[in-house]
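Q: Each chain, letter by letter, is given below.
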Amino acid sequence: MTKATYNGPMIELNCLCRNFGETKAVDHVSFEVPRGSVFGYIGPNGAGKTTSMRILSTLELPTSGEAYIEGLSSVNDPDRVRARLGFMPDAFGTYSDTNCIEYLDFFARSYGLVGRERTRRLRWVMDFTGLRPLMVKPIRGLSKGMRQRLCLGRALIHDPPVLVLDEPAAGLDPRARIELRHIIRSLASDGKTILISSHILTELAEMCDRIGIIERGQLLAVGTVEEIRRNLQPSREILVRVASAVDEAIAFLGACVSVKDARVIDSAIRFSIEGGDPEQIAILRAMCDAKIEVLEYSPRDNSLEDVFLQITKGHVQ
Amino acid sequence: MSSDVKILPENDHPLLVDTTGEGVWGWIDRTSEKISKSLNPILIKEARQALKSKQFAVTFFLLLLASWVWMILGVVSMAPDIYFVPSGKYLMTGYYFLLAIPMMAMVPLSAHRSLAAELDEGTYELLAITKLSSLRIVSGKLGSALLQMLVYFAALVPSLTFCYLLRGVDMPMIAATIALVFAVSILLSTFALLLATAVQNRAGQIFTVLALLAVILFSESLCAAFILGVVFEQQIYWEWEAIVFTFLFGLVTISCMVMFVRAASARIAPVTENRSTVLRWIMFAQQLIWIASIATLGLWYEDYEPVNFGIMILGGYWLVMGMLMLGESAELSPRVLRTLPKTKFGRMMLLWFCPGPGTGFMFATTSGIAGMFSLGFVSLAFSDGSNVVSPVLFAVLMTGYLLMYLGATRLIVLPLARRFGISFVLPCSVMLGLLMLGIMFPSILMVVTTGSPSTNYGSQEFTNWIWTLDEAFSYQPNPVLSAGFLAFTTGLVFFVLNLFLLIREFSYRRVSVPQRVIQVEAENETSIALDA
Chain A
867 MTKATYNGPM IELNCLCRNF GETKAVDHVS FEVPRGSVFG YIGPNGAGKT
917 TSMRILSTLE LPTSGEAYIE GLSSVNDPDR VRARLGFMPD AFGTYSDTNC
967 IEYLDFFARS YGLVGRERTR RLRWVMDFTG LRPLMVKPIR GLSKGMRQRL
1017 CLGRALIHDP PVLVLDEPAA GLDPRARIEL RHIIRSLASD GKTILISSHI
1067 LTELAEMCDR IGIIERGQLL AVGTVEEIRR NLQPSREILV RVASAVDEAI
1117 AFLGACVSVK DARVIDSAIR FSIEGGDPEQ IAILRAMCDA KIEVLEYSPR
1167 DNSLEDVFLQ ITKGHVQ
Chain B
463 MSSDVKILPE NDHPLLVDTT GEGVWGWIDR TSEKISKSLN PILIKEARQA
513 LKSKQFAVTF FLLLLASWVW MILGVVSMAP DIYFVPSGKY LMTGYYFLLA
563 IPMMAMVPLS AHRSLAAELD EGTYELLAIT KLSSLRIVSG KLGSALLQML
613 VYFAALVPSL TFCYLLRGVD MPMIAATIAL VFAVSILLST FALLLATAVQ
663 NRAGQIFTVL ALLAVILFSE SLCAAFILGV VFEQQIYWEW EAIVFTFLFG
713 LVTISCMVMF VRAASARIAP VTENRSTVLR WIMFAQQLIW IASIATLGLW
763 YEDYEPVNFG IMILGGYWLV MGMLMLGESA ELSPRVLRTL PKTKFGRMML
813 LWFCPGPGTG FMFATTSGIA GMFSLGFVSL AFSDGSNVVS PVLFAVLMTG
863 YLLMYLGATR LIVLPLARRF GISFVLPCSV MLGLLMLGIM FPSILMVVTT
913 GSPSTNYGSQ EFTNWIWTLD EAFSYQPNPV LSAGFLAFTT GLVFFVLNLF
963 LLIREFSYRR VSVPQRVIQV EAENETSIAL DA
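Line order of the protein sequences matches chains A and B.
Under this note's numbering, the first residue of the first sequence carries the number 867, and numbering increases by one thereafter.
Under this note's numbering, the first residue of the second sequence carries the number 463, and numbering increases by one thereafter.
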């Protein structure tokens, strides 16, 4: 597989729609993911995440619209797309009477890997996923975490440039989740493009370069967490702790044009400020100039969970 | 999981070791690797699984045990005559049944379960996104079934040799038994694979297993009757007649195997793929083989009856195939549109082979008419002398039924498909309803007009295909003649009505290959050239 000449987005959804009868599982969803970045796909259950991921992975057909992997249509060139894609579904079956190494060897052969290339990839995947000590263990006897590793290993076996991971952290213990976060960042730094869906929003915020929030099939917001937060929150809330003279500080802030709603909560001052970083810096500088002894000055940003709750309405379909 | 990959020693599992060893073992290792490159991965996986499975182990050892028990019982019960009288045939009868049960029952059932489980348990989707095509998946399953057959057969080889040494059976007898058991077993396995793809849910799979069991029982009894009555009774003759017919009907069997495998792979292939063209070519080839077989039979015996039988089977075949083709989607994916014929001549000759219900209707009707009349015209080369309905008239009758029932089904399915969506269930249900209605309609009409159903066959019974065919095979040419022309005229009306609704599918044009695909192909070619 050559990686050379294509410079466009590695993943592209263009007005993608998928209807199941009257239900619009995916409704005109469009976004792009550039090479080497991690895109988090967030939404409640039944929002349309899995359906759009399955369309990308050539397992479903869209009602209308297009899905591209490395510029190739997953509808019209599925075989070429499959060679470039590693898909990890949220639920997957395994074979009886098969152990980990045989399972991975089978998929390596199925992806057309032969000879040294196959043994090299098998060794790499075994070590990368930490499955080597368990390689002769039957799959049915593996824990949930180990099965997830095995499935990730299967998705990586042919070294695809794009990974689509549907709820890879579901059911994992905290340590396994942290390890998964590290591995995803490591894969992204190796140039792999990753589309990942999860319900654990704090983790997504840490590992994703950009996110998309989807509900009832519609993409409600796309961008970096910061961009989405800023769009939702034109004014920023600031928390200030001063050494003394709280009333003087309140009076000072009340006189500032860009400051709104200054109040004291638990001996700390909170106020809203319109604008971005320059306005925030200007207020701090003005307070210092006015000889107000500032102990702490920090913006109180909404977490990804707050953003998610603000954007979605909790509708199900 | 860690991104800091720690490379452990390589010699901890054979699958992680490169085949670079020296000496004889190294050579064996490298040769095995070379051979395994060309093997189907499904076959390798299934062989690994089967060798570990309890079901296989239990069946294999039970087979061995049963063959020993039968040998001991046979020897003891036939002693002391066994020393003087040729008694291999009696033991061989038991060994046939011992071999037939695992080969003709266990192997097809396990092939069915294997593919059905892939579809049912979610492992097929993981396979579908690899480089394996649906055909390779199905043929891998068939390969695994063949491997199991060989292992079971190997368990009984010493027993067959023992039978030969006891005399009473000769080599052609043993070879014919083995060949027949293998052929039926492969045919049943391919049919089992097709049934496994017919329904993709557990409730439906219970019905398919029941259907498969019924077919297995039927085939086992038919095969047993043939082997006990023909093979073991030394009824195999080295005559041209036997050789030619064995060859022709062997070809029919092989074409059925190919058709089942291709149909199973088409059932599980993505809908964007062209799932029809290959199947249509196979149908075309099957028709040619059938015509050759029946024409040879008719000319050899100078008899109209086998020719009429051949025409009837051909009419039924195209009715069923046409009905299934009506379940295809008229929407062609750009991937399929890229492969449409380029030239006008190509469009004229090959468009019938492209997917779609309209092209399918035309393909089934035109092929059916051509095939049936070809057989009909073959009969002009000889005179039967009996009072049997002439094959040409029979071809007219069957053509009428094909056009009438298939044309009416299409006219009804077209609006219904818009409401309920397209699938092969809809045309099957409509066709079944029409065939039933065709039987009942004349009787209902007679009851309404005269107060009682007709007891004598007349041309008004032409829609009642069962009665008409019964009359045709009962040496009653005259009423069948008028019924045949009535059926043909009605069929022609339905055919013409359908022609007006076909225009859309014939206006499809080939589309160009996307630039990105051309670019990728060029990159692949460059990398292959660099590797070379």
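Incorrect hints may have been included.
[Said to hold, decoys possible] Straight-line Cα separation of at most 25 Å, PhoX-like style, residue types lysine-lysine; simulated pairs:
{"no.": "1", "chain 1": "B", "residue 1": "LYS516", "chain 2": "A", "residue 2": "LYS1003"}
{"no.": "2", "chain 1": "A", "residue 1": "LYS1003", "chain 2": "B", "residue 2": "LYS514"}
{"no.": "3", "chain 1": "A", "residue 1": "LYS1010", "chain 2": "B", "residue 2": "LYS514"}
{"no.": "4", "chain 1": "A", "residue 1": "LYS1179", "chain 2": "A", "residue 2": "LYS890"}
Don't read these hints as lab results, they were simulated from the structure.
Q: Look at each hint and say if it fits the structure.
A: The hints, checked one at a time:
1. Distance check on the hinted pair: LYS516/B and LYS1003/A sit about 18 Å apart at the alpha-carbon level, within 25 Å; holds.
2. For a cut-off of 25 Å, the pair hint linking LYS1003/A to LYS514/B stands: about 13 Å separates their Cα positions.
3. Taken as a hint, the LYS1010/A and LYS514/B pair is honoured in the structure, with Cα atoms around 24 Å apart against an allowance of 25 Å.
4. About 17 Å separates the Cα atoms of LYS1179/A and LYS890/A, which keeps this hinted pair within 25 Å; it holds.
Checked against the numbered hints given earlier, the structure satisfies every one of them.
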